[in-house]
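Participant: Starting from the structure of chain A, add chain B where the hints point.
2 protein chains.
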Amino acid sequence: MAVNLPLPNQHELKPIAGLRLGIAEAGIKRANRKDLLVIRLAPGSSVAGVFTQNRFCAAPVQLCRAHLLEKNPIEALIINTGNANAGTGEEGLRRAQETCDALAKELGLSAEQILPFSTGVILEPLPVEKIISAIPKAVAALKEDDWYFAAEAIMTTDTQPKAASLTIQTSAGPVTLTGISKGAGMIQPNMATMLGFIGTDANVNAALLQDLTREAADLSFNAITIDGDTSTNDSFIVMATGQTKVSIQSKSDPAYAAFREGLISLSRQLAQMIVRDGEGATKFMTIHVKGGKDCFECKRIAKSIAHSPLVKTAFFASDPNLGRILAAIGYAGIDDLDSSKVQLWLGDIWVAKDGGRNPAYQEADGQAVMKQSEILVTVDLGRGSSEETVWTCDLSHDYVSINADYRS
Amino acid sequence: MAVNLPLPNQHELKPIAGLRLGIAEAGIKRANRKDLLVIRLAPGSSVAGVFTQNRFCAAPVQLCRAHLLEKNPIEALIINTGNANAGTGEEGLRRAQETCDALAKELGLSAEQILPFSTGVILEPLPVEKIISAIPKAVAALKEDDWYFAAEAIMTTDTQPKAASLTIQTSAGPVTLTGISKGAGMIQPNMATMLGFIGTDANVNAALLQDLTREAADLSFNAITIDGDTSTNDSFIVMATGQTKVSIQSKSDPAYAAFREGLISLSRQLAQMIVRDGEGATKFMTIHVKGGKDCFECKRIAKSIAHSPLVKTAFFASDPNLGRILAAIGYAGIDDLDSSKVQLWLGDIWVAKDGGRNPAYQEADGQAVMKQSEILVTVDLGRGSSEETVWTCDLSHDYVSINADYRS
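Protein chains in written order, with the working numbering: chain A, 1149 to 1556; chain B, 1149 to 1556.
Listed next, the in silico SDA-like pairs over lysine to any residue satisfying Cα-Cα at most 25 angstroms (straight line):
#1 Lys-1489(B) with Leu-1241(A)
#2 Lys-1501(A) with Gln-1245(B)
#3 Lys-1177(B) with Asn-1506(A)
Short derived list, chain B residues pointing at chain A, Cβ under 8 angstroms:
#4 Arg-1203
#5 Pro-1457
#6 Arg-1472
#7 Ala-1500
If you want the footprint, here are the derived chain B segments under chain A, 3+ residues with CB under 8 angstroms:
#8 1236-1246
#9 1265-1274
#10 1374-1381
#11 1463-1471
#12 1502-1516
#13 1542-1552
These are calculated hints, taken from the structure and not from any lab test.
All values reported here derive from a predicted model rather than from experimental measurement.
Beta carbons are placed, not taken as given, at the ideal position from N, Cα and C, and that holds for glycine.
The following block holds chain A by itself, in its conformation from the complex (with noise of 0.2 angstroms):
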């Protein structure tokens, strides 16, 4: 049920130098399927990483945070998807300390300098013990060109892998980005996603990769939602080898707008893929809300849009019953908003001019627009010049049963 979602070509994804991936079959919720993904980081990597708001974050994201603030050179991340380690308590940080002491001690590290992400069931006890005893198979693995098979070995709910490659050309010379990403449900990221990887063989500095790394989660993970659900164990990380002679130490670095736009518009595309392949999606919904005072009120209709059961079931039929926009900006908070000041696009179609219907809007032409895969919702606010971009997906039946059955 993707929408416009393209199987990643495996031989187009560009190996990271200096970042092996290994993976392999734990037995997690059920035999046979890849869900433990080692990657190890050759020494002197940077890696930045942003997480989850959820209070009930999970016992794993807990531990990324004190590893990455102890600024500890990061070696090693692990992943495993069947049980998110999330609503576990001092159980959970505890087992999800025991997956770092494992693959520390099979890599000769310390646990500290290991990031562990889990993805799966909240409030069921993590099966350390199956984890610790697939850790050897997944260190044996490890190769720097697995990326379509790592991307698989991180899915959920997800109908395909999500990975990209981009390379980009800088004034010092190429630099190469891969990145994988993951998510189908539990989707309204905030600070960051439920499971994005970005590798570059750049050398940048640590403290540049980490507000870059926020800056581009802001611009693609934190601009998509599905369901409006925040998970506990969103994380998204940035990991960058430094084995090109690519040196980006400062934003003066002429190197450096180049592979900013290169990590954001990579993020763009694993963050779009989240969408096309959100739990039950037939559509890809663009909401652009511009003429704001500013861009918080921009995003905040934008997803109030995006998060309407009603617009996102109209979608899904395909009706331009398009007076449930303008509720869902309505109440979306912003107090001293002027209704007669809105307009409203669907597509290039007109449809309400000055906060009522445009007298000129044919509904035959809305259900044109209604109808296809892709749809551009745009909303003038008429109060301003800041603008906001969100992604999203219609509401259908196969949302209702994925979840309904997600556990069976």
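Facilitator: Quick look at chain B alone, frame taken from chain A:
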């Protein structure tokens, strides 16, 4: 698909002296259905109302606000279903005004003595000629004992009319309250609901009635949610005809406490009927959040749980995937929430203890509660003594079907 929603007994709905109801078929959306209701109040009645906070509030809501602010003696209400007259700009206001003008002429009143209400599809022109032609028929039909058919005449996707009556004994004598409500989707009332009307024969001071109406709305209609969509047309009106000898002019009047309690009780009944008839509802859930620092954070968390599509689909499936409730608590936006102090019960079953899975929790126990049609979710935040309750329903295939097909 309504959840334990009793059909009101036509003969148990008590007439209110001084309040007559007239119903007609105006053919607004389709022929041969009751879609127009006129309520005529005896001179000297007090009327109070609270309305939607949606910035795209409907044209009739704008007129209601203006007419109530001008402190005219309100003597009639006119309510149509089939068209919301919202998102209709200046032209919509003109049409709502024409409706008031026509009814005023028919009744020998001024237009400012009339409150207009509309419910139905947004962004489509109100067929005002059809309404004006049907007004004489509705006025000719005015009678005191027609509450049942009045409830029918304001339905949209409701599966059955919603009405209830109450007679309370005050120290000054008996007082009767009868009310009707409607609403099944686009339901997250903010300050009022998608059409609730209560009549009483008590003689209530106008300012006091306004305070009581707001309080009753907060404790009833503002505590329900079906899909988190706040309508453009929410209105809750209390009409006191003053035809009994019971006079309530201030909070110190002996009858005040009993009247207040009765009004809140009837409002809650009507509000809960809306949830029981929620679009596609198969379960009725009571979300009780306690141990909060203030009521605001309790309600915010209760609504976060009640709005989560993942929580709602789990209830639909009778699947105790209760980690989704913890996730919804965690992303409710309470930044300093300590998840290790949070407890969660499903019915009497203690599911999450100190932020993690209760070691004594057995999934079979959770499953048994999830299968019931009425489910209590209790959350203790462990940081204060405030509490709030919100009522909601599940998210089923039928919600998607109803809203994908609503206009067809």
